[in-house]
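Asks: Single-letter residue listing:
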Amino acid sequence: MSDIKLRTESIRDDEFIDLAVTNANDEKIIAGLLSSEPCLLEGSRGTGKSFLMKMAHLDLDKNNDFISVYIPFNISSLINTADPLQFYHWMLAKTLKTLLNKLRKKGLSVSSYSKGLLSNDTTEDDETIENDLKNIVKLFENSYKNKLEINIDTLPDIEDVKEAIQEICEENCIKRVYFFFDEAAHVFRPKQQRQFFNLFKDLRSPYIVCNAAIYPGVTYFGDSFELIHDCLYQVLDRKISDTDYLAYFKEMVFKQIDDKVKSQIDKQGGLFKTLVLSCAGNPRMLLNTIQNISSFKIAEVNKTIREFYLTKIWTEHTTLGDKYKGHQNLIDWGRDFLEKIVIPTVVSNEKSSIYFWIDKDIPETVKEALRLLTYTSIIKKENSNIRAHGRLGTRYEIKYGCIIALDKNPYTKSVEIEKIRSVRQYTEFSKTHSEYDNIENLSVAILSDEQYQKSLESMLQQSIDVLSLTNWQKRKLKEENINTIEELYILKEADLIAKIYGVGPVKARIMKNAANAELLEYISG
Amino acid sequence: MNIVDYYSEINNKSQDIFQKTIEDSSSLGETHAISAFIFEFSECLFEIKEKDMLRMVASQLETATLNLSLGLYRQAFSSLRLAFEMGLGLIFFSIHKLEHNEWLNGENDIKWAKLIDENNGILSKRFAKAFFRELSEDIEQYNNRAKKVYREMSEYVHGNNETWEKSGLIIEYNENLQIRYFKLFKEVSSILLFVLNCRYLKSLESNDVEGLSEFLLEELSHIAAIREFLGGVKE
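Chains as they are written, first to last, in the numbering used here: chain A, 1 to 525; chain B, 1001 to 1235.
If you are wondering where the hints come from, they were derived from the structure by calculation, not from laboratory data.
It should be emphasised that the depicted structure is a prediction, and the values quoted were computed from it without experimental measurement.
Any given hint might turn out to be false.
Stretches of chain B that chain A covers, calculated by requiring three or more beta carbons in the stretch to come under 8 Å of a beta carbon on chain A [said to hold, decoys possible]:
no.: 1; segment: 1024-1034
no.: 2; segment: 1218-1226
DSBU-like, lysine-lysine: derived pairs with alpha carbons at most 35 Å apart [what the hints assert, rightly or not]:
no.: 3; chain 1: A; residue 1: Lys474; chain 2: B; residue 2: Lys1183
no.: 4; chain 1: A; residue 1: Lys476; chain 2: B; residue 2: Lys1234
no.: 5; chain 1: B; residue 1: Lys1186; chain 2: A; residue 2: Lys5
no.: 6; chain 1: B; residue 1: Lys1013; chain 2: A; residue 2: Lys512
no.: 7; chain 1: A; residue 1: Lys239; chain 2: A; residue 2: Lys138
no.: 8; chain 1: A; residue 1: Lys106; chain 2: B; residue 2: Lys1049
no.: 9; chain 1: A; residue 1: Lys5; chain 2: B; residue 2: Lys1020
no.: 10; chain 1: B; residue 1: Lys1234; chain 2: A; residue 2: Lys381
no.: 11; chain 1: A; residue 1: Lys476; chain 2: A; residue 2: Lys191
no.: 12; chain 1: B; residue 1: Lys1129; chain 2: A; residue 2: Lys492
no.: 13; chain 1: A; residue 1: Lys191; chain 2: B; residue 2: Lys1049
no.: 14; chain 1: B; residue 1: Lys1020; chain 2: A; residue 2: Lys106
no.: 15; chain 1: A; residue 1: Lys351; chain 2: A; residue 2: Lys267
no.: 16; chain 1: A; residue 1: Lys297; chain 2: A; residue 2: Lys260
no.: 17; chain 1: B; residue 1: Lys1125; chain 2: A; residue 2: Lys262
no.: 18; chain 1: B; residue 1: Lys1020; chain 2: A; residue 2: Lys512
no.: 19; chain 1: A; residue 1: Lys138; chain 2: A; residue 2: Lys507
no.: 20; chain 1: A; residue 1: Lys312; chain 2: B; residue 2: Lys1202
no.: 21; chain 1: A; residue 1: Lys250; chain 2: A; residue 2: Lys303
no.: 22; chain 1: A; residue 1: Lys106; chain 2: B; residue 2: Lys1183
no.: 23; chain 1: A; residue 1: Lys255; chain 2: A; residue 2: Lys381
no.: 24; chain 1: A; residue 1: Lys106; chain 2: B; residue 2: Lys1234
no.: 25; chain 1: A; residue 1: Lys175; chain 2: A; residue 2: Lys62
Beta carbons are placed, not taken as given, at the ideal position from N, Cα and C, and that holds for glycine.
Take the sequences, apply the hints, and build the full model.
Replies: Next up, the structure:
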């Protein structure tokens, strides 16, 4: 089977051009990302937001009039700082460091480290604007790296940063600097997301354009950020009703598979079409299923669809609960509601195929559960202003694959419902339903920081037995009363060396890394 | 013409080449960014001899590009190969202290065959398993790539007849060789960055990892195991 790239992050820059496929909506989105307006691109996981952002970024990168900086926010232990200002500075420092790297790559700045490599000049007294920016980064980094109290008034503010960027542009005949923020809304907790959008807004300048990818349902903008006024808001959505839907996905798949598989697909067009419809506009899901198919035969395709859309997709949704422990019940309720109530009702309604409508006055908890389902793209908000019997409500599309996977023969079921998949035919759910009562008492504060903190604490309280350490190392730690991940996490390597006989720098590092790795693994979600 | 005039004339030619070469500031910037990053990486190493050797690699990479800018193409390829050998040699010495000290004393050489050995070299599964297990599936392709790029650079160093035609005996600007150099530099740096991270990334202080992460996520995010280790999205 071909080596299929499921994630944009796994694609090298020089491979993009060979894998790119765009339709009219994609091109409109790219044009928005290239415009001088800040842009937010919304789409569920795996819909291709990063890919389009990367395409726009690479396009700008070829043009000497612009500097384009792609920032994939990563999770670091520094992210968990208690001070909101420190977090803001952390984001700003990361953004500016990536910009400095870019200036270096473009030949607009020279590293002070290597300046002395071939000359004896090791001074860093150049009064260049790049050095100003470096100093700003240093000040921000010191503000969160050192645990010491920092006088915030001594730090540069956002206007200093904007001024520095403006000067870089003016000195180097650059029209604008573009920042592409990826994964910010995924990596950060709600409180941090609000700060991210403050930064996004604060960076507005004639010389700076910020673009970011966001998710439906789990993005928190904060009070000061207004989606309509503060950015160009675009939604990445590929409707199965689009006339070029099948051709578009076929071209995309054909860019990644070998001739043998291409020939199988050409011969088994109906089976391929079922797979394409199943993904409901989500390239990663389609490529995932294609990767798992050993041969294009009905039984194999049916098996793959059932495995993916009955098991894998729901497992992913359920693991959201591991990440946000306080919401496990809500996530589970959403799954039950959809699997046991909505989908069977929709399927039994001969006219409704894959759509359902729900009253706008349903309990907030139900809305939140539905929002979480849009994040994993099991459902898609199709239109939030639809009238049914005089009442306003939202129409959702259920993932096509999740519907047909319930049947023993998904392929046959697909042929059947394909004929009736009009958006005008949907099953209605009113503002009252006996199932809603089951989540009445759940918190509506979805993904709150308090709950995150609670779940983080419970992780830190786990025994060191869960860590990847040898029995000897665990025993030694326990002899010194270091029993939990937290007790190990707060210690420095030097403490371990001093406390434990037989532990030197190497073993101390291994022990500390094990605790850090566990923490990173956890907050990575 | 005396000897001063003679060399002045060569220098003038070289300066003409220099002016043409620096027009491609973007490629020069990219090579400089890599050398600078390798230097920054050396700052994070604990062992002083390893730190020094990595600095020499960074310096050698800059020398290679300086040669290129002056039209000394063969010397550029030769310096690039030396930087590559030293970079891989450093990794080898970091796990073979005896050989490292002998090399420092001038009693031992960096042996390419040992570096590249498929079973016990620094681009072997065994090596990855010991230092960055999750990279053991990726390492084989880097071994093949290392052999290929080394062979190509060696052609310029050993003076194969074909390469004499390519690099010439007269100092003059050669755009094809310049393009070739930047391609080889990219490949060399990609392998060096991979093996450096395979060997050291997991043993660095978390603050140092954080400091290197922006650059690494830009250069190596397509390698899932490295991306995930740095806190990037999972595959």
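Asks: Broken hints, numbered, in rising order?
Replies: Checked against the structure, the hints that fail are numbers 3, 6, 7, 9, 11, 13, 18, while the rest are satisfied.
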